[in-house]
Structure formats: C-alpha cells, structure tokens
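**Student:** Each chain, letter by letter, is given below.
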Amino acid sequence: MRTRRLTGLVGLLTAGALFLAACGDDGSNDTTTDANEDAAGEDAAGDDGADGGADDGAEDAEEAGADPDDAEFMVYALLPQGNDQPYGTTYLPPMEEAAAELGISLTITNSQYDADTQASDCEVAVAAQPDGIILWPAVGDTVRPCLQAANDAGIPVTVTNSDVNPEDEELTRGYSGPDTYGQGAASAELMCEFADGEDIGIIMINGLTGNSTAINRENGFEDTIDEQCSNVEILARQPGNWNADESQIAASEMITAVGAANIQGVYAADDTMVAGAIDALRARDIDPADLIITSIGNTFLGNPLVIDGSLDGKVFQSSSWDGENAVTLMHEVLTQDPGERIVRFMPDVKVTIDNAEDPDVEPEW
Amino acid sequence: MTPKTASGTRTLPPAAQVEQELETRAFKLSEWMAQQGIFLFTAVLVLFAVVFIDGFASLPNLTDVFNRAAPIGIVAAGMTFVVISGNYLDLSVVAQVATAAVVLIAVTNAVGLVPAILFAIAIALVYGIVNGIAVGVFKANAVIVTLSTTFIGLGLLRWLTGGSIYFGESDGPIRTFGTTRIGPLPLAMILFIVVTVLLSLVLTRTNFGFMVRAYGSNREATRLAGVNTPLVVIGAFTMSALGAMLGGFVLAAFSNTAVSSMSDGYDFRALAAIIVGGTSVFGGRGSVMRTLLGVVFVSVLTNIMVLSGLGFGFQQMAIGLLIVLAVSVDALARKTRAA
Amino acid sequence: MTAAADAPGGQVPSDGDTAPVIEARNVVKRFGGTVAVDDVSITVARGEIHGLVGENGAGKSTLMRVLAGVLAPNEGEVHVDGALLDPGDTRAALDAGVSLVHQELSLVPEMTVAENILLGSTPTWSGFIDGREQRRVAAEALKEIGVAVDLDEPIARLSVALRQFVEIARAIARKPQVLILDEPTATLTPAETEYLLDMLTRLAGRGLAIVYISHRIPEIFAICNRVTVLRDGSLVASKGIEDLTPESVVEYMVGRDLQLDRESRRQDPKIGEVVLSARGLRAPGVNDIDLDVRAGEIVGLGGLVGAGRTELVRAMLGADPRTGGETTITLQGRTRRIVSYRAAIAAGVAYIPEERRSDGLALTMTVVDNIALPNRSALSRAFVLQRRRIAEFATSLAEAVNLRPPEIHREVGQYSGGNQQKVVLAKWLGREPDVIVLDEPTRGVDVGAKVEIHRLIRELADQGAAVLVVSSDLPELLELSDTIHVVRDGRIVGVLSAGEAEETTVMALASGQREVDAA
Amino acid sequence: MSQTQTDPRPPSEEQADLSTSDGLVARVRLILSRRTEGRAVALLMVVWVFTLLFEPLVWTSYEVTLGRIALVGLVALGLTAVILMGELDLAVASTLAVSGVIMASFDSLAVGVLAALATGLIVGAVNAFFVVVVGINSFIATLGMLFFLRGAAFVISGEAPVRIADVDAGIAFGQPVIGPLTPRMLLFIVAFVALYIFLSHVRVGREFYAVGGNRQAARDAGIPVVRRVFTGFMISGFISALAGVINTLERTAADPTAGSTVLLASFAAAIIGGVLLNGGRGSVFGTLIGASALGMLQVALTLSGVQVDVQNIVIGSVLLLAVITDPSSLRAAAVTARGLFRSRSERQPTG
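Protein chains in written order, with numbering that gives the first Met the number 0: chain A, 0 to 364; chain B, 0 to 338; chain C, 0 to 518; chain D, 0 to 350.
Derived from the structure by calculation, the hints contain no laboratory data.
Even glycine gets a Cβ: it sits at the ideal position worked out from N, Cα and C.
Check before you lean on any hint, since a few could be wrong.
To be verified - To spell it out: a stretch of chain B is covered by chain A in this simulated footprint if at least three of its residues, at any positions, have a beta carbon under 8 Å from a beta carbon of chain A; those stretches are:
| id | stretch |
| --- | --- |
| 1 | 77-89 |
| 2 | 161-169 |
| 3 | 251-261 |
| 4 | 299-308 |
Work out the full structure, taking the sequences as your base and the hints as a guide.
**Tutor:** This is the structure in structure tokens:
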C-alpha cells in the first residue's frame, strides 16, 4: 500500500518535472524557444535522479513499516533519531520486529532532534488518529503541548528512551527506557566506588551540546558526585558530540589544560567518546589502566576496553531493549489498559571487569 | 549573489570608463593588511598563546591543534578551488566526507582497502561531475545546487547504510594509519601538510589551476581566451570532492570509526577557514596556503578557548566575529583602493 | 524645488520666446590629465531642438552629463531659467526640469513599464503606491510620445527599441523644460528612428527645449534648428541650421589636417589570399553580411556606435551565437569552418574585444598570468606550467609591446588604459596569430600608446596576418586600413579602398547622409 | 535586440497586438507569462494530485498541513525580502534560536516577546551595516552572524533548553483561536499579507525590486539604496525573531539548538517559489507556494511512513530540478550543448 503511494509519488514527480520544464520560460527575458526545447530533454534526464531516489524510498518504506493490512493497532512513533544516529540504527529493528509480532502497524518519524519538527510530526500523528503514540522527546522541555494535544484527542502516549519532565508525566501512560539521569548517576557511583575516598581530579566529556540526553547524563553524573563523593573534583568539561574524534581531541586538550599529573579519572557520556578519550591518553603515553575511567553505553568499542582494563566501569544501555520495550509497553497500554502510569526502567547494569563477558551485557553496536 | 563578472550589461557609461582608466593605487597599509593580514593575525595569536596559555607550546598540544586542523583542513583545501573559481562554496562536502569515511571503513572490512579507496574515488568523481555540470553547464547557483546534492547524498548514504556506525579492525591498515607517527608527528598531520602543498601546487603551477584562478577572476575574459569554461568548473568541483574524500579518510582513520553524522557542520566550518585565510568569495584572489593558515588559525583559537575552559558557545561566537573581522579588513581595503 | 519646475514643459507656449531655458557657461571637465570638455558655452531656448554633434570622444556625452548634473564641472556653471544649478546634483537638475535620456538603458528589467516610468518619483498615498495615479501619469507620458505599450508589461519582455522609448517617456513624465537625448537612435531601426524624430519635433512644438546628440547628420538636419559641433572637447561651431550644409557639418566635425595620416599609411602592402571569410552572416544586429579579409591585409570596419560592428565580429568568430551564415578560415590551402569560438582560437584567431576591462583582462591577475592565459598549453609540459619559460615569454612580449613600466608581476588592474591594452595585445601576439580581430583597439588610450599599438598592428599585417579592425576613430581607421567597410544598421553600406577613403566620405556613409554604391 | 533589427514597424504598432490582445485565452496567457511563480505552481499541482490520490488525510486534517506550511514558510517570507534585493541572509536560523532564548530568559512573557523581536530588528540592522556600510558580501557577513548568534544562544541559555515563564500561556498559545487556526497560522497569514502588500503596493517595498534588479538605475532614479537594504535585512531579522517567539511559545521552552532545519528549508521554499537569487525577480506569493509545496510534500511523505532520509532524497531532487529548470539555466545549457554538437561537426573541413 505504501509502495503504491510512493510509486504514485514518483510518477507524478516525473510528470511534474516535464511540466516544470514546459513552464521553463516564465518571467524570463526574451527567451529563445529552441533553448527551451533543448532544455526539456536535458531536464528529463535530470529528473531520472529524482526518480531513482524516490524509488529506493518505495522499497524502503515497505521494509520500514510492518504489513498494515492485518494490523490490530496503528501506532505512531515520534523519534528524534533513526538511521542518522548509530543508537537509533540499533533501536529501530527490534522495535519493528516487536511491532510485527504484536500486530502493530508502526509509522516512524525522525525529527533529527529539532523540537519544532517533532512538534509538527506530533500534530500529523494526532491528526492521523492512531491507537497510540510512542514519544521519544527531542527536547524534553518542549513536549507538553504535544502531550496535551494527544490527550485531548484521547490518544494514549507512552514515552521511550528519555522520560518527560515530572510535571508532564500525568499526560503520559508510561515510560520505558533507560533513566538517562540515572545512567549519569550510576556512572558517577562507579566513579565514587573506584575513587574510594581519595581526592581525585577528573575530566568530563559530554554529549552533543544542547542535546537532552547529554544534559540529563551530565546532570545525573554531576549531582551524584556532589552528593556521594565530594572527594572527586571535575577539573574540566567539554562536549565530545557523541563522536570519537572530537572526544579524543577535546580530552587531549583538557589534559593539557589541567596538566596530566592532576588527572586521576575520566568520565565520558558514552562508549564511543570514552574510546576517543582513551586513545588520547595512549597518544600521550599515559596508561589508561592507571586512571579511573567510567562511561555509559553498549558499543563494540566499550566492552573490549573494559576487558583490557583501560575502562574501569560503564553503565550498560541496551538500544534493542529500549526499542523493543517501547512497543511492548505501548501494546500493554492498548490491550490491558492499566490504571496508573507504568515506568519500566532499563536495568542500569554496571559493567566492570567482573561481568564484562556476560551475555546480558553483549554489545550491540 | 552574482559574481562581479556576471553583470548583465557589457558597456560602462563613457564617463565612468574614462575615470576608471586613471591609475587608482591602493592605500598601502590597508592593502597590505588585506593581503597579509592572516599571517599577522596567526603570528599574533600564536605568540599570545605561547606567552599566556600554559601548556600551549607543548608538543602534544600542538599535535592536538593539528589533529583538529587535519580533516577540516584537507576538506577546505579542496573547497578552495570552488571558492576561487567564484562559486561561493560546496555545501555537499558534508555528505561527501561522511560517505568517504563510511565507504573506507565499511568496504575495507567487507572487501579490502584497495577496493574501498577505488570506490570512494568513484563516488567523489560522481559528486564533482554532478555539481560541476549543474553549475558549469546549467549556470545554476552553486549554493542551491550543492545544497540539493547534500540532501540527496546524505539521504542515500543513510538510507543505504541504515546509518550504522562502522569500526575498523583494531589492528587493520586504517587503524595503523591513524596511529602511526613519524618522529613525533602523527601520519594524518603529515598527510594534511602534503595534500595542502600538492593542492597548492595544482592551483598555482598547473594549467588547470591557472584556468580556475583566471575563471574566478574574469569569466568572460577567460572564455574569450579560448578556455573550455564548463570543464574548468567541473574540475574545480571535482577537486573539492577529492579533498572531501581525503578529509573523510583522515577523519575515519583518526578514530577508526565512521558514521554518517560525523561531518556535521563541515560545510560552513571549511568555508569559514577559507575566508579567514583571506581568499575572496568574489573569486580570483586566494590560495590553498592561505586556507592552510586559516584552518590553523581557527584550530589554534579553538584550542586556546578549550585550554582556558571556555564552552562551545563562546567558541562559535569567536569564529563568527573572526569571519566578519577578517573580511571587513579586505572590504575596507577595497574601499580605500576604490576611493 | 525651483519655481521653474512648477511650469510643466508640455503647456509652455513657444511663441517666439527665445529666452534660454538652459545655459552652460565656460564649462571645463577634466578626467585626470585628459580634458574631456574645454571651455564650452551653449544655450538652448524653449521650443528649440539643439543638435550636438562631433566624433566619438569629442566630449558630447560628458557635456550633457554636466548639464544634467550627473557630473560636476571643474570650471564653469550651468543655469536653468537664470538660476544657478548646484553642480553634480542629479536630484536638483531633475527638480529644475532637466531630464537626461541616458545612452545606456537604465531601466529595471523585472518592473513594469508604468513603474519604470515613475521610478524614484512613484506617486504614493501615505506610503502606498497610488496605482491609478501611477498608471495615469505613465499613460499620459506614453501618449505624449505617442507610443502604445502595455503599462503592465515587464521591461524585460520589451524590445530594445521599446525600452528606449520607455526611457524617453520616463524623461517626459518628469515634466521637464529641457530634454537631453544622448544617441537615442543608436539602437533603432530606420522606421523607429523616423518615428522618434517626428515625436521630438512635436514635443518641441509644445515649447520643450531639446538637446539632441547624434552622429547621424540626416537626423540633425531633419529636426534641429541649431547645431553645435564639438571637436576634441572644444566648441568649433554653433550656428542656425540654415547656415549649415551636411558637408560643412562633417567638415567641422572632422576638420583636421590629413597630411600626417597619409604619410603613416602603409605603402604597397603585400596582400595575399583570402584567409578569414564570412558568408551570409546573421545574428542579432547583423543582417546577412559577406566579408573577406586577406593575408597581409588590414580591413577596417567603420560606422557609428550601435551600427552592429561589434555584433558582426563576435558572431563571425562564434563568440556570440549566430542565427545564420558561416565563417571559414583558410590557411595553407586548408579551409576550416568556424563552428565555435574555441574552434576559431584553435584555427589561429586572436580577438581583442571592445570592453577591455570586462572581457579582455583578468584585472586581479598579474601581467604574466594574463599573457600566459591564451598561451598556457604552449607554456606547460604535462599540464605543469613552466614558470621560468612563462616569465621569459611574458617579459619578451612586454618589451615587444613596450609596456611601461615593464613590471610583469604587477596586477593588470593597476596599469593605465593604454598599458592594459598593450597587455591584451601582448597576450595574443604570443600566439603569432594568422588572423587578428581588434575591436576599438585604442579607445581610452593615450596618444603615445596609440602610436605604438598602430605600429604593432602594421607589423602583424606585414608578417602576413589577416587583420580586421573595428574603430569609431576615423583618423585611426583611415591611417591603418587598406580597405574600409562601412557598416550601418547591421549591413555593409560601402567598401572604400585606402586611396579613395576620406573622413568625410566614411562619415557620410556611416551617418547615412550619403548612399554610395559599394566600390 | 533581434526585434529591433528585423521589425521595421514603428513601436506603437509592434506593441498593438500584444496590448490589445482580446480573447480571454490570450489575456490569461499574457498575465500568466508575466508571473514568476509558474514552476512553483506546477510543482504544487503535482503535490496536490499526489496527496489527493494517496494521502487525502493531508486535506481532511488541513489544520495540520497549514501548521507545517506555517512552520516552513514564515522565515522564508522574510528571507524573500532580502533575496529580492540581491542579498542573502544566512543568519535567519541562528536569529530564530537566539531570539527564542532571549525571550525565555525574561520573567515576564510580554517583556520577553518585545525583547526577542527587538533582537531580530537589531540583528537585521547589524547585517545591513556590514553589507552596505562596511561593504562585505552579504553571504559572508551573515555567515559570520550565523556562527556568532548560534554561539550567543548557547551562552545565554547555558547550553540547555530554557522553559518560558508561563507554561500554560504557551500551551494556550498553541490552541486554535479562530476556527481551526492557531495563532501561528494567523501570524503567518498576517505576515504574508503584510509582506505581499508591502512588496507590491508600498513604494518602499516595491523599490526593493529596483535595488535588486538594477542597482545603478535605482541610484540614478534617486532611490536611497542604503536605507532600502537596511529595511530588507531588518524585515528578515524581525520575521526570524517572530518565528523564534512563536516556536518558543508553542513549545513552552526555548531550545538553543532550534532551527537546525530552518535555513535550508527557507531557501528551498524561496527558490522553488521562483525567487531569483541574483535579486529583482520573484514574489512572496511564489515563496508561499514553494513553502506550501514543500510542507504538503513533507506531511504526505510522513503520513506515508517514509523515513526522513528518503524524504530528503525526494526534496533534494525536487530542489535540484527547480534550479536547473530555471529559464536562464536552460538557455545556458542549450548554448553549451549546441557548442558541443557543433565542435563535433568541426572535424570534417568543407570547401
């Protein structure tokens, strides 16, 4: 059905292309006719590009959504990332599988962390009158209107990956996913454990500036440090933008800034970035094993580092758990309609050298 | 957005003509500033850093500066050809860098290094030719053309790869490249210098580079000199594409990872470096070496700010001010010359 | 606003009232060293059409710009209705009722006819455009000049002729007392010209004072009551039309001792086979031209600005698209059709365009670079430019054309016009062209450079190159050419051999004052 | 040109047939041929047909579609004013972000809103200052502002979203007021109508076309070009700020990263709408159509469950198509093509 739509789109765009070429001489200064004839040809060629692009889209959409015809429920999932981010990439497939099993036809949007786009997607979703909406807030503070609209339309909303603000919770039926704040906190607890009372200085590498997950994890980590181990001091912090390169350079520069001697620890808000930070240490012939290093995540980069002792501890976050539970929770809400708000936190498994090889902390990306 | 030579009318009013015939010598200092300002600025900034910023002068830190500069620098060096040809910029480097990085690691893991590189080159050529034809043959505006190729390119990349992050083998050739040092210098840094020098030679010493500069300086005069101008434009965009490809390689090798989002913001960051270097967006004036300086300048500045604990916001503000400042000098110089 | 502006030109009676409306007193205008207008005084009365004639560069346009307040004179002053006009203030001149119809069109292509006619003085009602008023005034102005153009048509969609008329309507709409037209017929067909002339007579009949600049003697005699002749910036005659004959006017315009030119003419040039040949050439502004240039021959293209000479040579070389006909180049018995500009260059053509600054040189580049541009392939091995060879090459050419100072690493933009033109020549000389086409080779060039450029052109011809020269500078044309083709309205109206060519005959042909059967 | 040479009739006659072309068809064709929005309309029609056939929801829930169009289109409207003058404003997105943050950092909404809008005007003035007074190419001047303002947004907001003082007011602001129309749509419509009138019926605005179409002529005619450029940039700045205010209110919080997609989307809308980047040609009406086409396309694709990547591929192709089918582009390509064809025939000599 989606395929039909898209092939339709492609066909019409092609027609449109020729149409455009035909109207080519509008408002032009004494156009020569032959120019336009020549060009019509040129342009038809140009259009094949568009054609091809959209065609890909066709097949893709087919894969993307489960077959809707025998679907019990129709659900919109408003996500801020998808194939443009590795986490989203490993989040989507289990989500779609689960949906297929539970007979849910998913329509997935990706606002690329633009709050305004997500809000607009939300309007679209509400207008489509689905059975439910799964929301992954692009910017936590900005989702209330969307929730309000959904509520007014009587569409149940569940939240995934990062929870809404407490005051907005009454507008949602449940939350599944990591407690992004809690992850920061857990990583801080690890840090405190390893610091074991001594005064140490650490550097902090955060996620993309302004990104809500990044902010939550940063706050979680910092607050916990303040409460539980004031002996740990954050000497410097820079964004690593979820990205190994940036993180490596930033880390290296912070080492320069505060002096290698003063640093006994490193915290990075995810595995990719911690890998960069560890590279930075190695590049300066500092043995990461001598430092206390903690992070969050589940990438193929993370566990080996834990095993070889350079990464002391990390908080495991399973993108597949996240994606799968987003759907199962929604299904629960739709089928058995529990009274109160369900909160299903992803178990914050702390991964250290002791359990790094356990199957339940198997890296996913 | 019209480059100066594209002005419709071919005749100047007689009076204006006569006036223009008169020798109009530039005011020396401002002229010099416009020409050599970047050297001065860089020197001053580095001096300032050495004196006031602890640890700036240390080798590891300078290495960081260059690690910051290397990928963006190679991209900017390539894009310089587009800017000098009077076509503003190549937005599609964002898509190109990401594609090259992903292709390098993914295809190397799957097939091998050589096919990966060949494949990446093929893709770069496609970008260069498509952008080049749209701009050179259809005379369409470079900004919009490269904007649309960015949309298409990134879309295709993410749709085809599913946007996954790719890791090179922990002891593979890419990793080796990323970690090898010659003496104290990382290989990437040396590649950066080598590529810049090479591109600089292409621009200054070769027939092609010469035509690019001439085209940027005066399209009609270049055409009337018997130059195949569409080919020149296609060539310029191809150089930009190749630069972006190498930049992608360096980026991928540096962290041994590749993901489609790793080159966000490379378009305007590269342009910023080029402009700060003193290459004129009107085309004709500028050089790859200036771009090198511009990139170094920006990285030094960022480095200083990080060392002094200033956040991302301040870094952005500084770069913004810098662009306007650098170009104001040039503009004022042009004014005094005209006066 | 001066009181004068309130008197709408249309209504002022022309009953023998010969009080001067506009008066220029001892105007002097210099551009750096060159004196464009030298102590000229003219007066124009109501209802008078005052013809202003002179060769290109005689200073007509400059004088008119001074009158219209576009340029401030170095000396002298302009009075309108006895009131002194503050110099160089266009606005004030407009308010005083002086309207100049520019030589080059100054309309906004995407705006409508009505909007362009009232551009800058758009009638508004508390900020909002008063559309009705706008259309009324525009329509009135158009009606006054009797041209029916759709008021809502964007200028971009009008023919050049109609744009010219809209320009005039715009001037009229300002209710001027003095209307100055600078070569308005340069781009018009005979029919359109005729129409324009009637129109001007009509307007003058209603008391408008008109200054009419033209090369075309018949037009002058068709409509003017007085004629002022300028030569080299100074006034040589200002008489009532009844005291003048076309011949005498041409004499005044040219009035120069021709002996010198005679001597410097080439003696018995060795002229060979036809090299450059055009047949049935058609292009915008070019109507079915046949033209041959032989080896060792210098062919001059005479004619007035806008006669279509530049269009002709550009179409001939394929620099601009042509609509019909073909060009061939024959060298060593091999004939090649010139199908594209690059093909022409490949075949050994050198083209020195009219607009040196916009088409001829890359001003931001150095002399070396500019010289190297057409010769790059010869000067590079395996795509690498050979710096030393290029430098030597450029130096030798810079000497050959006597570039002063010969700093080949200086930006061309910093050289004077004469030197710039030498660079343009140098860059093509390097190719030792078999065919060389020069469009206004010495425009805006000082005398010294001019002589040298002429020498170079002769040397080229003596070496057997086929030379085609476009020039509006009559002495130059006569001095250089072995054969002169006179072009008018995109047609060749006369072919004169060096012997029979006189400035008067050429001017007569060019201005259409005399039709002669091609020699 | 060709007309002058070939057409012997006096201009009055030549014009006659055009102006007095009776018969509705001829009239309509004449009117249409004068518009610059043709290609945009064509695209919009294609999108309409597509949506009617495959995504009627786009129409049945039109208020959603309108919302999306308003989101894409508002900034584009302001941008159009600048582009018409042959200038560029790359700073729109950053202006949007910074004004939102400034607004949210005040305790009183009213004050905040005023401060934000003022910010927009100031930013516009600064841009104009660099462009016409200092004489920097607007492309670079606004590029600098793009970085600077984005940075400022982060600094002011402390690199995190800022909630507005009165959240409920914000939510209320998101609700329909007249029929299904929310304040955003109303403001969008107002902005469009205002700009449309300004650019077509107000002298100052209409003179933007002169400034962009033939700057020298504008000067000769005594139009104060500098003042016009200032006006244009300040309009663009103000509208961006307005968009920032609207978004912030509707979302009940200001996000320093806001507007990441705005800049390119606005340009796309204007270009597809037939606005010529070199200035002098185009209209806000065209921009509106362009924005509508893009907005509807996005909504339709979203409803069809097409992932954002594929949407980008489609939109990119449409944009590329729009630029290379510009008349001037087609002519340029035709000339080159003819050149190639000729130079092939050049090989075999004749005669």
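**Student:** Hint by hint, note whether the structure agrees.
**Tutor:** Checked hints:
Coverage of the stretch 77-89 of chain B by chain A is violated [criterion: at least 3 residues with CB-CB distance below 8 Å; count 0]. For a cut-off of 8 Å, the count of residues in the stretch 161-169 of chain B with a CB near a CB of chain A stands at 6, and the three-residue condition holds. Counting residues of the stretch 251-261 of chain B whose CB lies closer than 8 Å to any CB of chain A gives 8, which reaches the minimum of 3, so the coverage claim holds. For the stretch 299-308 of chain B, the proposed coverage by chain A is satisfied: 5 residues have a C-beta within less than 8 Å of a C-beta in that chain, meeting the threshold of three.
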